[in-house]
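**Student:** Given next are the chains, with one letter for each unit.
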Amino acid sequence: MTPILECQGLTKQYGNFYALSNLNLTLDRGQIVGLLGPNGSGKTTLIKLINGLLVPSDGMVSINNLQPGAETKQVISYLPDKNFLNDWEKITDIVAYFADFYSNFSSERAFKMLGDLNIDPSKRLRTLSKGTQEKVQLILVMSRNAELYILDEPIGGVDPAARDYILNTIISNYNENATILLSTHLIADIENVLDRVLFIQNGQLALNTTVDEIRMQQGKSVDSLFREVFKC
Amino acid sequence: MPWELDNDRPIYLQLMERIQVDIMSGKYKTGGKLPSVRELALEASVNPNTMQKALSELERSGLVYSQRTSGRFITEDRDMLKKMKHAIAGEQIKAFIEKMKQLGFEDDELCTLVTDTIKGENK
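Taken in order, these protein sequences are the chains called A and B. Letter by letter, the first sequence follows residues 1 to 232 in the working numbering. Letter by letter, the second sequence follows residues 233 to 355 in the working numbering.
No lab work stands behind these hints, which were simulated from the structure alone. Everything numeric in this text was worked out from a predicted model, so none of it was measured. Don't take every hint at face value.
[Said to hold, decoys possible] With a cut-off of at most 20 Å between alpha-carbon atoms, the simulated DMTMM-like pairs for lysine to aspartate or glutamate come out as follows: (1) Lys220/A <-> Asp189/A; (2) Lys231/A <-> Asp240/B; (3) Lys112/A <-> Asp164/A; (4) Lys130/A <-> Asp116/A; (5) Lys220/A <-> Glu249/B; (6) Lys331/B <-> Asp348/B; (7) Lys130/A <-> Asp159/A; (8) Lys220/A <-> Asp348/B; (9) Lys315/B <-> Glu249/B; (10) Lys220/A <-> Glu236/B; (11) Lys220/A <-> Asp240/B; (12) Lys130/A <-> Asp87/A; (13) Lys123/A <-> Glu108/A; (14) Lys82/A <-> Glu71/A; (15) Lys90/A <-> Asp120/A.
If we strip away everything but chain A, and leave its shape as in the complex, we get (with noise of 0.2 Å):
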């Protein structure tokens, strides 16, 4: 099978500044796996140009062996890390523009996930808080069936307990075929969840290995060694 995801000598330049350089990356699918970083790093640089929102420098980027496009964006479920909805609509009004705009977008389990959530869909989304509005982006996101979703921060903003939902969503929603890449700080809180971690430092790909090695190997949670690593 053709990995969902393929970066090559994947480079992005600002003037003399490297946001990514030479990034070799190559994912498979039936994946959680976790891109983590400091801030500055180069973690939402590699998902836009995954997402065909920037373009790169040098090198190339594939998803399901397809360069970043109309195509791939059937293929990929995107949460960027700005709000990215019409905040005056009402939710059931945006869970229609997305049902009307994704073919693979089920508003059967975007109402049934806003309903756990004690969401209600009749209001504005600008009336909400902004956890709440954070909750409505991802469950819009994970409503698609995708073969990649991409998450860029999809907890920084919610309360402990919306995490726990959340990240139960991710595990149940969870799909043998289906990868997941999210960025994140919270590494304790999502360690469990994870297949594979993605250490990205100045633009460059630090490290790449699973959890479990990581404990294995180094006696540590991925918290721990990210502290060391990064320790500043």
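Please arrange chain B on chain A, whose structure you already have, making use of the hints.
**Tutor:** What follows is chain B alone, placed relative to chain A:
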């Protein structure tokens, strides 16, 4: 509630231990069916692939066996269960003795302490 897991040891090993204890304690019956990988992963709040690995390892040890379409079952081999129970107890006791040695107890002293405590509890 997610299962309590240590930070410094491989997750799949801890899942194996937990399931072993649950089998010994009778939470899962001898010869009975285990919940599915997904159910167990959700209960523990861990990655399904990690749970899958833990169950495959338990299968290799012979404690559980899978039947192609109907899921995983716990062995009915009582001898094996007994052996495993003793193995787990042995490890716990070794760890306990290690700690007591650090506190400076000698072997015979330790034995009296243990028997006295048990007697005290049984009163």
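**Student:** Any hints this thing doesn't respect? Which numbers, in order?
**Tutor:** 8, 14
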